[in-house]
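Novice: Produce the complete structure using the sequences and hints provided.
Numbering (the numbering used here), first residue to last: 2 to 1118.
Don't read these hints as lab results, they were simulated from the structure. Treat the hints with care, since some could be wrong.
Said to hold, decoys possible - Derived DMTMM-like pairs (lysine to aspartate or glutamate); straight-line CA-CA distance at most 20 Å:
hint, residue 1, residue 2
1, K394, D424
2, K659, D552
3, K162, D430
4, K156, E122
5, K277, E122
6, K351, D552
7, K394, E381
8, K520, E509
9, K565, E579
10, K351, D431
11, K487, E517
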Amino acid sequence: MAGSKTTDVKPRHISEIQNAIANKNLVVVIGTGASQALSATHKTIFSWRGLIDNGISYCRSRSLINDGQHAVWQTLAQSDDLDDLISAAEFIGRKLEAPNGGMYSRWLEECFGDVGPSDNEFARILRNLKTLGIPIVTLNYDTLLEKVTGLPTIKFSDTRKVAQWARREIEGIVHLHGVWDSPESCVLGVRDYHSASSNEVRQFFQRHLSTFGRLLFIGCGDTFSDPNFSTLISWMRDEIKGGHPLHYAMVRESEARSRQADPTWQGFVEPISYGKEYEDLPASLQSILPSIEVFEHISKSQPPSTESQIRDDKTLTAYRSFLVKDCGQMTIEGIRTDIDTAQRKFDLEKLFVPLSVTPVPPEFPPSDKRREEKLKKWHEENEGPAQFGETFKTNERIALLALPGGGKTLLLKRLAVAYSNVDRRSSADDLLPNLELFPVLIRCREWREHISRPIPFILKNISAITGQDGLDNLYEALTPLLKAGKVVLLVDGLDEIHNDADRATFVENLEKFLEENKKVRLVVTSREAGFALIAPTIARFCSRWRIAPLDEEAISSLSVHWHKLMTGETPEALDEAEEVTERLISNPALRRLAENPLLLTMLLVVKHGAGRLPPDRVSLYNRAVEVLLDTWNIKGHEALNIKEALPQLSYIAYELMKRGKQTATQLELISLLEEARKKVPRIRMYAKDSPVDFLKRVELRSSLLMESGYQLEGAKAVPFYQFRHLTFQEYLAAEASVDGNYSNYSSDDSLLTPLAAHLEQQEWKEVVPMATVLARRQAESVILELVSRAAPHIAKLRRGPEADLKQVKGGRSMPHVVTLLLQCLAEETEASPAAMKEALLALGVFARGCRDNPNWDALLKGLYSDEFIKTIFDIDPQEWTPDIWLRNTRAVSLALTKSPTYWLSTDGKLEIRQKLAAGSEDEVERALLTIAGGYWGSLFHLPPDTELLELVTAHLLGDMPKALEPAAWVLGLLYSSHELEAPDVAVLDKLLELMLASPDENEVNSFAISKCASIGRDEWPVHLDAAEREVVLSRMDLLSGSRLELGCFVVAFHAKNVIDDRSLYGRLKAMDRFTISGPVVDIIKTLEKSLRIPKSKRIELPDRARRTRRIPPPSMT
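Specialist: What follows is the structure, encoded as structure tokens:
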């Protein structure tokens, strides 16, 4: 009978949902209400209205909006009109520069980054959904579902994975509206909803789900009114016309009637009342989900789980989730930075770069006479660095060594996350093999007095040590995996077991555990300091590898990751990352720091805080020493007091530098420390440890000073020590010079006292500039001494009988003391105006085009750039020999004041054009020289479009005296570098006029003629009087000793009355053929043809395209 009920008949919705599960046609859609139910703190942030309200308040707290705007938009956020809410969301997005703005990503991170789920009944129901194999889609930005179920995140933008998920080939949580840690994926405001509703892939996916499957909405509320779903519903009503299955949504009893009457629900989704209160939802869902019998029907191929298996699976899932949470996010730890940066959390993969490793050579005793021979053979047989992922694939048990900050711990975190969450494994391109492994992490420092206990004891007590509930039976759950070889044991920080006996015992216990579980994989890490004691034992069951320094690709990759993380994925971020990488790689001192992941991160933090990398290395090495000695990894190794450590280390560094040494035995170091404590009161006052203990702590904590090998002392081989890098020794020696940490120090000493004897020694070329930067205003004595020593060299460059050009002709080297001045000023050493003026003059006359030394770039982008530019333009070229190349120095200096990226940008090109079009005479001169400097200095090539050529030509033909020579030079460079149409005869006439007007200084105009005059012989008639012919002929004389100028050969060819063609050809043939280029090539070919030179006797020159079409001269208004 219709309408009759019996206890055996299920309600229609339950039957349909269970049938959909059985047929694998059900998809659960999770909304914001579910996140509120899951959240441990029940934050209002999970509701759509609460998120909008929070965003408005966030904008106000960051002063992005005023109080009036705050009040207006908060009112809209409380509106019941969905259009008002979406408008408010759009307003927030624009203010936070969504989707790629840094503030936008930080807001989302603050909202969702730290949230965790409650382990309540609703969480249990969600885990049951996973067990039943029911696919889950969420409309939420948070990742609570992943944390509860252990399933990976699937972003809708990853269409390949979405398609695999739809085909049930992979599991995961599909985020239809985006996920917080990928801000660009989030659907928030009007623009996002417009994009979503018009996205064909998204609409196809939603249509497929809703047409061919049944949907169960949980916690979705007003979802069906949002533009994305309203578009879907309209399509289904128009096109499917009721042919789709009816979907269901869980609602409270009080909402059921209103939802049934809601037009947006009718015919698309049917409300199911789950009870009066939110707390009734789990029980109602449990009644809908199939019983164990139905589940067995669904999964016939799967044997029923026992209670212990279910408990074990739950424990393993919980431990995986713990590892992902504990290791999967990172902060900038141990490095001083701004609060905002320090508090940021981000996925590990966003700042992870693949690390390379090299095999560690075997230990040959120092007494072995064939030790060097064996080592050499071993190195020949073993390849260089390989990516860790490849090594991990082929080596089941690895001992990994590295210096402090080398990336050991980060690598183990990466392994823990990658093998806990398959989706995260593909988030980094590090070649990790796709193995079915369960990671178990042991941090040695966490176990303290328990570290000497057997490994099973440690595994059984992980729950207590980590403070994580639900892991009490972890060891029992792991046992089958251990036997099957599906566990990778990750042991971090053997060196952080400070007691030698405990460290040895732990390694012995580890060996015993691996003997009992022969298939278990292992990666164990240690600093090199502290490893020697256990190396023989480790060698019995591990292959030993060393993390290699970061190469150029890794440095670049980390720089790109950092800039994307800080400023979003914008073209500007990539350009900035490229510039920073270039600076780091091209500067040897910075490169040494950048090869270490920790110190590279420190460099990037410094750059982020200051907006640029500082020009001096001193501040960077100061931060590096601080990080290594004091602030970083204080959990693993107790920090060293900077006041105790730095003076003693600097004393050692200075004394070794003074003796010309980079290494010392332990006895020599102890002797130096005892001497330091005796002779320097400040060192004696702060020294607490004995010299032996101090050396040991420094090596274990920082490896600033470390054992590096063996040397013979008498008949005995003893270990020798050296600083981590020579640059650290040089920096610390500079510290000693400034702070008086050297023998025979007196309070009357100036900075010059410890450095005077070393100013012209190559070994001290890095120490002196760093000392002057550290000394600040006290550097005056050294700057004045360098200027004084440079004076005799400068005098030789002045015009007059005392000029001596031997040291500059044929080379571009400058005196050592001038090179030191350049580095001091590039690193922004302080000095009085008088001293600075003399120093800049020395640089100006020895610059010779500012090439061959990277410090020119730093100088001209730094503090003294304007003063240096003023100095070189104040130099009167009549007072100096031509070989100082003043013109070139001015040009390249101007080009270096800004980056090539800027000059080639729209703004840079506009700046030059505006100055050429409407600037003063000085501005026009400098704009032309900037273009010339870009070409001649191989910095950048400004594209020679018609407008630029017309502007340059106009100034050549114009009435600004200062612009004539630069304009001629620029034209010559443009025609030399590009295939351009030949200029008008008026241009060539002007160049010839200028060349003949200053016969002793005509090289620029001659150069321009030699590059521009690609024109037929009869098209440029040249008429010279007797005096002019003599000038041209003198510059073509191979025997005169004068500088040969190709432009004169071009003029002679067109004039016809300077020299006969056969003699002209003979002189051209006698020239070095590698100096011949441009129109001269065309002249040679013309002469060979007219003189009928046999092919066998012709000049061998490359072919060159003929350019004859002319550019008309610009109008001179």
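Novice: Does the structure keep K351 and D431 at a Cα separation of 20 Å or less?
Specialist: Holds, because 13 Å separates the two Cα atoms, which is no more than 20 Å.
Novice: Against the 20 Å threshold, does the CA-CA distance of K394 and D424 hold or violate the hint?
Specialist: Roughly 19 Å between the alpha carbons, so the hint for K394 and D424 holds.
Novice: Between the alpha carbons of K277 and E122, is the straight-line distance 20 Å or under?
Specialist: holds (17 Å)
Novice: Sort out whether E579 lies within 20 Å of K565, counting only the CA atoms.
Specialist: holds (12 Å)
Novice: So if I understand the rule, the pair passes when the alpha-carbon distance is 20 Å or less; does K394 with E381 pass?
Specialist: violated (23 Å)
Novice: Are the Cα atoms of K487 and E517 separated by 20 Å or less?
Specialist: Answer holds: K487 to E517 is near 14 Å, not above 20 Å.
Novice: Taken at face value, is the distance from the CA of D430 to the CA of K162 at most 20 Å?
Specialist: holds (17 Å)
Novice: Need the status of pair K520, E509: alpha-carbon distance at most 20 Å?
Specialist: OK: K520 and E509 at ~18 Å, within 20 Å.
Novice: Under the criterion that the straight-line Cα-Cα distance not exceed 20 Å, is the pair K659, D552 satisfied?
Specialist: violated (33 Å)
Novice: Does K156 pair with E122 here, judged by a C-alpha cut-off of 20 Å?
Specialist: Given pair K156, E122 is violated - Cα atoms ~27 Å apart, limit 20 Å.
Novice: Given the proposed pairing of K351 with D552, does the C-alpha separation stay at or below 20 Å?
Specialist: holds (19 Å)
Of the numbered hints given earlier, the model fails hints 2, 4 and 7; all others are met.
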